[in-house]
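S.K.: Here's the letter readout for the chains.
Protein chains: 2
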Amino acid sequence: MTIMIMGGDGYIGWPLSMHLAVNKDESVVIVDKFLRRDWVTEVGSHSATPILLMKNRLRAFQQSFGKTIEFEHGDLRSYEFVYRIIKKHNPRAIVHLGEQPSAPYSMIDAEHAAFTQVNNVVGTLNILYAVHKVVPECHLVKLGTMGEYGTPNIDIPEGFFKIDYNGRRAELPFPKLANSFYHWSKVHDSGNIMFACKVWRLRSTDIMQGVVYGTKTNEIDEDERLLTRFDFDGVFGTVINRYCAQAVIGYTLTPYGKGGQKRGFIALGDSIQCLTLTIDNPPEAGEYRVFNQFDEVYSINELAENVSKVANRLGLNTDVVHVENPRIEPENHYYNPRHEKLRRLGFRPTYKLEEELEIMLEDLSKYKDRVIAKKHVIMPKIHWKA
Amino acid sequence: MTIMIMGGDGYIGWPLSMHLAVNKDESVVIVDKFLRRDWVTEVGSHSATPILLMKNRLRAFQQSFGKTIEFEHGDLRSYEFVYRIIKKHNPRAIVHLGEQPSAPYSMIDAEHAAFTQVNNVVGTLNILYAVHKVVPECHLVKLGTMGEYGTPNIDIPEGFFKIDYNGRRAELPFPKLANSFYHWSKVHDSGNIMFACKVWRLRSTDIMQGVVYGTKTNEIDEDERLLTRFDFDGVFGTVINRYCAQAVIGYTLTPYGKGGQKRGFIALGDSIQCLTLTIDNPPEAGEYRVFNQFDEVYSINELAENVSKVANRLGLNTDVVHVENPRIEPENHYYNPRHEKLRRLGFRPTYKLEEELEIMLEDLSKYKDRVIAKKHVIMPKIHWKA
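Sequences listed follow chains A and B, in order. According to the numbering used here, the stretch in the first sequence is residues 560 to 945, in order. According to the numbering used here, the stretch in the second sequence is residues 560 to 945, in order.
A few of these clues could be false.
Said to hold, decoys possible - If you want a taste of the chain A side facing chain B, the calculated C-beta under 7 angstroms gives, among others:
no., residue
1, 676
2, 713
3, 729
4, 879
What the hints contain is simulated information worked out from the structure, not anything from laboratory work. It should be emphasised that the depicted structure is a prediction, and the values quoted were computed from it without experimental measurement. Glycine included, C-beta positions come from ideal geometry on N, C-alpha and C.
When you get a sec, could you build the whole thing from the sequences and use the hints?
M.R.: Right, dumping it as C-alpha cells:
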C-alpha cells in the first residue's frame, strides 16, 4: 500500500517521507508544488540549510538507502490534479502538510490573507472530496496547529470536551480562538474535515501540532544532501529558529513583547514518531479524531534563556533584548493543553530541548554565511495592526 | 451618511435597501454582481415572482418613492473593487448579504464546495480589510445563519457562553456544528470577523439568522415592479417556499425524512425590522457581537401542517408525504436557541406565520404558471452522500 505526503518537500514532509520509506515496507509518494520555496523567496530569504532540488533529493536518497520515493508535481487547489493522483496511487493514508504555514505571511495584506485561506481550505476540500470519491477507507492525517485553540483561560482538551450548560450535558468541539488569518485557515479546515467525516464516514486525525524544532533525523544524519530546510526569517522562521540564527551570527535574541507567551514544542524526530504512530493506528470509519501533538510547554522567554545558555556554552555570546510585539496576542496567560492521546498510542519523546539546541546551533554554524546573507530579514516587518 | 448593502439585489437585500432609503434620511448604495440570478439559472430554475433587472428596479423605485438608490456592479472577491467602492462611498454601516446562500448548491461537488467557501470567505475578508484601511469606524452587519450552530444537545446562546471546565471559568465562542459546506463557510466568516474585531478594533454584528419567509413589505406593496425574488427550487428555495410552491400547483408537501428537524423562522418584514435596529444600535469599537435573529421555532412537520391548513382554507388541496432526506442531519433533536438581544433593542414581531402564509400563497397563485414551468426542480436532486 501507499502513503502520500502532501507537501513532502517541506521541513517536516521531507524527513517524514524518508522515514516512512526507510522504515516501512510501503511506497511513499510525495506531492508538492514547491510553493514554500517561492514564498520564502518572496519575503527575501532562503533556507539556512542548502537544500537540494526535489529530483536531486530523490536521487541522493536512492543512493543512500537503495529505496525509491515517487513524486507528483502539482497544485492541491486543482481538484482534477488531486483526484487524478489519488486515483493513480490508491493510498491507504494521506499526510497533508501542503499548506501555507506562516502566520505573518497571512497578515501581510488582504491578498495574502485571502491567498492563505483559499490555498489551505481549497486544498483540504479537494483532498476530502477525492478521498470520498476514490479511497473512502483512506486515513487522512491532517496537520493543524495548537494555534487553532489560542490561549483560553481554561484547560485545552484534545479537540472535544464534555460540558454542562443550563442543566444539560453535551460533548462538543472545543471553541477555537486563533490569532492570525493563517491560524484561522486551519480552524476552517478542521470544521470542514469534521463535517466530511460525519457525512461521508471518512476517517481523519487532525493533528494540533506545537512548534517543531531541530535539524536532525536518522535519515538526514546519513547524508548532507538529505538536509531538510531551516527557515530563520521573520515570516517563515519559528521563534526557536530565529533565536538560533541570531545566536549563530552574534545578534541578540529578540522575544516579542513581554515574552510570557507559552506554546507547546516538539522535536522534529518526535513529530515524525508521532505521525508514524498516527498512521499506524487509524481511526474508525466516520471518526474525526484530534491529537494535541507536542512534548513540552515553554514561554518564549524560557526558550530564549535556553538558547542563550547553550549558545554561550558553545562560545556564541548572546544577550536577550525584548522588542515590540508585531502580533496582537496575550503576553502572559494561562496555558494548560492536554496531550495524552499520542502517549497512549506509545509516543515516548526521545529528544531533549537542550541537546537538540546544541545540535541546531552546531549545524547552523556550518551555514553561518547563508544566515548572514539574509540577516536583515530576521526581525519582524509584518505588524498585525498594519 | 451612507449605508452599503452588499448583495442588495437579493431576496432580503432588495427590500432592505428600499426600506432604508424610504425610512432613513440616508443614502443607500447597493452592491451586487447578480450571481444569485446566475446560480438559480444554473440549477434550472427562476424566481416565481417576475423580478425586474436592477436598472428597472431602481427606476421603478424612484418613480414610486421619489428617492434614489445608488448601485455598484462588481465582485466582492476583488479586493481592488471592494476597496474602491468603500473608499468612494465612505459608509457608516455595511450590511453584507452578498454570499452564496444555498446548502445544497455547496454540496453539488468539489467545485461547488470550493466555490462557495472561496466566494463567501474571500468576500468577507476583503470587506474586513477595506473597512480596516478606509472606514475603521464603520459597522459591519454580517449575515450569518442559525445553521452555524447546528443542533447541539444543549441551549444555544447568542454567540458566546460562560463555562466552568476542570475548575476554571472562561467566556468563549459557542462551538459550531454546521451541516453543509455552505454553513461551514458562514462559520469560517464568523471566525475571521471575530479576529478582525479583536486585532483592528473593528465593530461588527454577526447575525445568526433563521429561515426568512414572506413576500411583502410596505415598499413592495406599493408597486408590483418592486417585488423581491421568490425561489422555490430544491436548491435555493427554503422549506417554506417549496411547500408554498407545491401547494399552489396541487402537489403534495414533501418534508425531508421524519420531519422533526426544528429551525428558527422569521418573516421578511421582521428581518428588516431587526436589521434596521441593528444598524441603529452599533456595537463599540472592537466589539464582535452576535445576534440570534429569528422569531419562532417550528419543526418542518409543523410547517407542513401550517401550510397545508392555510392552503386548504384557500381551496388548494394538499397532502403531506415524507420523502427520503437528501441531507445528513438529525431528524429529531433538542433545540433551544436563545434570542433576547434584539428584543432588548426593541424588536417586536409584527408578522404572524399563518397570516403571512396566506399572503404568500395568494401572491404565488398569481405566478402559478411560472412555478409550473419549473415544477421539476422542486424536489431535491443533490444528496449529501453523493
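S.K.: Now look at each hint and say whether the structure bears it out.
M.R.: Against the structure, the hints come out as follows:
The beta carbon of residue 676 of chain A is positioned within 7 angstroms of a beta carbon in chain B (closest approach about 6 angstroms), and the interface hint is therefore held. For residue 713 of chain A, the suggested interface contact is upheld, since its CB lies about 4 angstroms from the closest CB of chain B, less than 7 angstroms. Using the Cβ-Cβ criterion of 7 angstroms, the hint placing residue 729 of chain A at the interface with chain B is satisfied: the shortest such distance is roughly 4 angstroms. With its C-beta approaching chain B no nearer than about 26 angstroms, residue 879 of chain A sits outside the 7 angstroms limit, and its interface hint is violated.
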